[in-house]
Amino acid sequence: MTEVKKTFPIKGMHCASCVRVIEKSLSELQGVSSAAVNLVTEKASIVYDPSRASDQDLASAVANVGYKAVLEQKLMNKDEQKQEKQKELKSLRNKVMFSLILGTFIVWGSFPGLMEFAPVFLRNNLVQFLLAIPVQFWAGLTFYRAAIPAIKHRTANMDTLVALGTSVAFSYSAFVTAFPQVMQSIGIEPATYFDVSTIIIGLILLGRYFEAKAKAGTSEAIKRLIGLQAKTARVVKNGQEVDIPISQVSVGMVIRVRPGEKIPVDGKILEGGSSIDESMVTGESMPVDRTKGDSVVGATINKTGTFTFKATKIGKDTLLSQIIKLVEEAQSSKAPIQRLSDLISSYFVPAVIMLAILTFVIWYIFGPVPSFLFAMLNMVAVLIIACPCAMGLATPTAIMVGTGLGASKGILIKDASSLETAHKIDTVIFDKTGTLTYGKPTVTDIVGDVLQLAASLEKGSEHSLAEAIVRKGEEKKVRFLKVTGFKAIPGYGVKGKVEGKLVVFGNRRLMEKENITFARLDLAKLEEEGKTVMMLGVNSKFRGLIAVADTLKDTAKDAVGKLRKLGIEVIMITGDNQRTAHAIASKAGIKTVLAEVLPDEKEKEVKRLQAEGKKVAFVGDGINDAPALAQADVGIAMGAGTDVAIESSNITLVNKDLRSIATAINLSKKTMRTIKLNLFWAFGYNVILIPVAMGVLYPFFHILLNPIFASAAMALSSISVVSNSLFLKKAKI
Amino acid sequence: MSTDKIIVTVAGLAGIIFIYWFFLMKKEKEVSVAGEVDITVSGGYSPEVISIPLGKPTKINFIRTDPTECLSEVVLPDFKIKKQLPLNQKVTVEITPKEKGEFGYACGMNMYHGKIIVK
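Heads up: the protein sequence lines correspond to chains A and B, in order. According to this note's numbering, the first sequence holds residues 1 to 733 in order. According to this note's numbering, the second sequence holds residues 1001 to 1119 in order.
Because the hints were derived from the structure by calculation, they are not lab data. Treat the numbers as computed from the prediction; the structure is a model and nothing was measured. Beta carbons: idealized from backbone N, C-alpha and C, even for Gly. Careful, some of the hints might be misleading.
What the hints assert, rightly or not - Have a look at the derived ranges for each label pair, beta carbon to beta carbon: (1) A:Ile148 x B:Glu1102: 24 to 32 angstroms; (2) A:Pro368 x B:Ile1006: 17 to 25 angstroms; (3) B:Val1031 x A:Ala59: 27 to 35 angstroms.
Stated by the list, open to error - Some chain B residues well away from chain A (every beta-carbon gap over 10 angstroms; in silico): (4) Pro1057; (5) Lys1100; (6) Lys1119.
Chain A with its partners taken away, still in its complex shape (with noise of 0.2 angstroms):
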């Protein structure tokens, strides 16, 4: 085997003992011949042999002394696969163009009505013999090629039935041409039909040329969602701002981003804020406002403001590397309505060869004068028309597109038999706490002048509720007075004293307590609507109330009503009592309340609704809901919060966005759509032809399919099949 050179970046040296560490741990593994480390550049260069060590073995032979080696191993394999690709393409359609011509002039000098305005020599049997030959053994080569392996393993493929197809009819008429007298002497005409073996070749390889092409199309999203990666980060490194490839970034690197620039990988905002554009990762249209202390997202765009940011998550591990991974994870896994095709696909050309033998006895023995010929061409026939490629493209080809869409729109499907279980979702059960609502409290209703007083005294309270509160006193801005003897009373609420006066906040029991009269009326209608009262008395005087509630999401009411729509029953499921659970629902449009569920009950009640034969869709976002995510016919998580919830889920919304439910299940109703037409097509192309080819129209209507015919047929079922799938890029969802 050959030697290369190889040099890449080493990352964490800082003496020359370093050196020479590494130059001897890469020179003793197996397969490279020499090694040279360099101290300045930071860089490695070796000589080595890759079948014999691989870029896994040169990165754990940096690794195990301590340091990081940096292949760029998949980005220069992408390029060149794609190098190789486009070359591929450029012969095929080089082939393309050379059989087609030379056909044309084989079809001019032997097609009757034409033949007779052809130049006498195109005429000639050996002259079309000659003309066949590359076609035959150049351009066809690829079938030869493919076939006589597939037979030494003893499987068959549409490259064997097309070199068989045209093989026939070029024997024969090569046969024709040498001895034509022999045809003669058994009352056969000696015609030639080098045009059928040359054409055929032609349209097939034509055929390819365009399927290859669309097949293309159909991992743009995957490509697009690569080559959103930026490709070099702008560090701050003792007061000095320095641009590095992004392949050089570590954890906790300081990375300034100015506007316009595209924020290399994930992490903390530090300083400065932004107004940034996370729709290519996130689908989310609008840009969404990030300052200190936020986290931001790699390969998003930075709009307006400048900051600088700790790089927390780098790698395979950025938001945009899971998401690549998770598309390109689902677009290799399998949907279960393939298994039909599978199962027909390893049958089907064997099958095919036995018609054909089937054909060429019938026709020979029942079929007009010369039998010989019918036998013949409608054996070829029936070898070319055959197309198990169609079969095959069905349903990977949709499941591209599908989940491809569906990333681009911010909602990443797990895998195929997700896509195909989504469509016949009838139940969607919502999480409450965190799904349905922001999961964090707010303050709804303030009767009475009590904001500042409640929200001075709350700030030195740890509760959850005086959280909201505190946060409505700052976006009032209001002034915070200061407070003396603060003193929290666990179940009851907190007091202390604000200017001389003794103030106290809680709920109803505290004022009871303290012997403070208040007006129920309103309480208990706050109540009614799920929320949670807290009062505030001054020097024993009842002054005024503030409620808090969590708050639905602004979209879970459209959510929901899209849902209903689609004629899906929605659930809300939710560990708060009766009452707050069900002002809850009410407010969302939901009628179906599952209150008071403790967190590992939910598990249950999803494997109860399935046992009423529903097919159930579970909405969650926390670790609790990993059961029920797991247990439900499809999970989906909202957001790329908890890695837990998204690893046993089968949707996930990384764009957080409650009407993608809807959206989700429409695209697995028009991606099952566009497989089953795809099937349709493809099974029924051959069901329907394959005994046309075999002359069985040929009795009642004197109809024939001529094997030039079939092979156009064929090419076209292929494109049909993929384009179809293409077509599923313009779906409204």
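Starting from the known structure of chain A, arrange chain B on it as the hints suggest.
Using the frame of chain A, we list chain B on its own:
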């Protein structure tokens, strides 16, 4: 029936039986793998059927030597793996099976098949 017709009928029937036997009654030879295996991709996969241990990582190296377009992609749907196989290059796939059973793999168009048996 004339002699030639009888010959064609007999030869045709023999041909059909041969095709059936040749393609559909093939015995798959199972290769037991521990740790790592090279699979040559040329007109199919050899070895075609491999058996690997449950719960242990196994490296499968695909080396494609056949330029057929169809074979340029290998799909292991149960392991959610799809890889491009550049010509004459080793592409390694690592799997750690979590359940026993037979798992098929195939080319991108589902024309060539192989099987992984987890024991």
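Status of the hints after comparison with the structure:
no. : hint                                     : result
1   : A:Ile148 x B:Glu1102: 24 to 32 angstroms : 28 angstroms, holds
2   : A:Pro368 x B:Ile1006: 17 to 25 angstroms : 20 angstroms, holds
3   : B:Val1031 x A:Ala59: 27 to 35 angstroms  : 29 angstroms, holds
4   : Pro1057                                  : 13 angstroms, holds
5   : Lys1100                                  : 19 angstroms, holds
6   : Lys1119                                  : 22 angstroms, holds
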